[in-house]
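Those protein sequences? They're chains D and U, same order as listed.
Basically the numbering used here = 1-based index in the first sequence + 256.
Basically the numbering used here = 1-based index in the second sequence + 256.
Accuracy of the hints is not assured; some may be wrong.
In this list, chains with the same sequence are indistinguishable; a pair is considered to hold if it fits within one copy or across any two.
[To be verified] Derived lysine-lysine pairs resembling DSS-like cross-links, with alpha carbons at most 27 Å apart: (1) Lys374 with Lys456; (2) Lys382 with Lys536; (3) Lys350 with Lys456; (4) Lys382 with Lys456; (5) Lys540 with Lys374; (6) Lys540 with Lys350; (7) Lys540 with Lys382; (8) Lys456 with Lys540; (9) Lys536 with Lys456; (10) Lys536 with Lys350.
Bear in mind the hints are in silico, worked out from the structure with no lab data behind them.
Here the structure is a predicted model, which is why all the values come from computation and not from measurement.
Protein chains: 2
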Amino acid sequence: MSQIIAIDIGGTQLRAARFAMDGQTALQTRRTSTQGDGQTPFERLCDLITNILPADQPVAGIAVAAPGPLDPYNGIIFSTPNIAGWENFPISAKLNERFDVPVWLGNDANLAALGEWKFGAARGHKHVLYLTISTGIGGGVIIDDRLLAGTRGLAGELGHVQIMQGGPLCGCGQRGHLEALASGTAIANFVREQLAGGEKSSLSRRAQISARDVSEAAQQGDALAIHALSRAGEHLGQAIAGFLHTFNPSIVVLGGGVTQSGDLLLAPMRRTLEASVMDKSFLKNLQIVPAALGDDAGLMGALALAHTMLED
Amino acid sequence: MSQIIAIDIGGTQLRAARFAMDGQTALQTRRTSTQGDGQTPFERLCDLITNILPADQPVAGIAVAAPGPLDPYNGIIFSTPNIAGWENFPISAKLNERFDVPVWLGNDANLAALGEWKFGAARGHKHVLYLTISTGIGGGVIIDDRLLAGTRGLAGELGHVQIMQGGPLCGCGQRGHLEALASGTAIANFVREQLAGGEKSSLSRRAQISARDVSEAAQQGDALAIHALSRAGEHLGQAIAGFLHTFNPSIVVLGGGVTQSGDLLLAPMRRTLEASVMDKSFLKNLQIVPAALGDDAGLMGALALAHTMLED
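Okay, chain D solo, but in the shape it has when bound (with noise of 0.2 Å):
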């Protein structure tokens, strides 16, 4: 029986993964750094390939999952941030010339939601809410069984919604987006800026501070870092107001490292949340739910696409 092949790109790593047609427990993973021994990226993701390929099987398709943005329709990633020379690179003709099997291509965060609906935390709901909060905030919206994808394949991107007039600058270059006020960044740069402005706190010793170490300090009960969190779970709890007014889902996904702080960042997250809808009914019936599938997301994702690919 036809196998399939999921690739999961990021800045540090190539992932890869192949199922059987109708299985969602890996045969075999594999993975590598995405830079290094004078290969180029893309070089390096066919070896990867190349060394994951079943022995006798054939190959009903590769799917990758691709930071953003990107043409899902065309196969193009328009630009990655940590890969230098992906500029507008046409990764599915380029993998297709290699391989000779149908390539699918998504968008990480997309491709999380479309694995947490059929895999992972969000199974059996036709309307579903993913936020990936991490270095940056991520999203995915599944409408009806099938994922928001937009004209050019480009919606989704709830990281990038305005939450503050003239708010702190964003990743993308615009100001006071939910990812300018949530996001681990976000979290990291608000402590900085408070200690810069005299604020006492455990970690005002510290060099560098990450998202991380505010959450750490948090636990120990540091109350800028407390103060940190819960600001980016009220920011957060806002937003997701606005995105169930917009899309009415049955449940919210929610994942990403910055999650992991738990209550210090989710309770001022739901209260706002609870405070800001219009009308109650949006939060009847409503679950909101960590993540399932963590680091696996991109991966499981992309086995997501395949089915769906191979479906229609």
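We have chain D already, so just place chain U on it with the hints.
Relative to the frame of chain D, chain U by itself:
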């Protein structure tokens, strides 16, 4: 051949139109006031329908556009600001009892989007963002040729995303929503506040000020009125940028009386929108156009709903 009855329920008027199964031009239209003559609004609605039923043809169904919030799946109007007694009103079941034909219900702004997609300004587009800007701000979204409805049919409340923390009070009770900053009500409120604060304007002699008054004064060159429309346009542009990131539509359709102000509102909207997208690819081939259906948006939207239901 069967015919379709389309109904548009408003706080002041009830409208009905009768269509051939494959027709887009009404065979007959009727209207009546929502209140009056010692009858309940529901009795008046039933009389209106009775008077427009075809003499010698079967009826395929009755499609109803009504102000939300409502449950389109179960045909229940949760509440209607201007019609007393319609709390949790099972309008579809009640009409079905009286007329013994299928009854379909939809939120009027959502159905206006569906109407513009099927019969109006957005024909041929698969991904449509529709906003109607009048007393309030309503929205509707077409994704991949399907109306966004959500798990309980409450989706598309695009007037109720927060764009200014701690901003003006919204009709829904929350603060800083798009509706509280860019609707006709918001524009008139802003002018009244500025006048109360001592601003000079040709409008200062008026006892009451409507958005239409502001629009007329702006067209006469009144600086405060021009500022009020420009400010609303900027908020609208900022919000639409977020909606582009969220939905990545190929067309934005703007309806509602406030858009009659034209470039006084729309030029600042476009300028802010273009400056606020995270990437120019969201603007590529994007059309921004006025709604085509005008006052018939509700009726034509109801007709589009009937077509959609009969095709399924």
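A quick look at each hint next to the structure:
no.: 1; hint: Lys374 with Lys456; result: neither (46 Å within a copy, 60 Å between copies)
no.: 2; hint: Lys382 with Lys536; result: within (20 Å within a copy, 31 Å between copies)
no.: 3; hint: Lys350 with Lys456; result: neither (53 Å within a copy, 65 Å between copies)
no.: 4; hint: Lys382 with Lys456; result: neither (47 Å within a copy, 54 Å between copies)
no.: 5; hint: Lys540 with Lys374; result: within (23 Å within a copy, 32 Å between copies)
no.: 6; hint: Lys540 with Lys350; result: between (47 Å within a copy, 25 Å between copies)
no.: 7; hint: Lys540 with Lys382; result: within (15 Å within a copy, 30 Å between copies)
no.: 8; hint: Lys456 with Lys540; result: neither (42 Å within a copy, 48 Å between copies)
no.: 9; hint: Lys536 with Lys456; result: neither (40 Å within a copy, 42 Å between copies)
no.: 10; hint: Lys536 with Lys350; result: between (50 Å within a copy, 26 Å between copies)
Checked against the numbered hints listed earlier, the structure breaks hints 1, 3, 4, 8 and 9; every other hint is satisfied.
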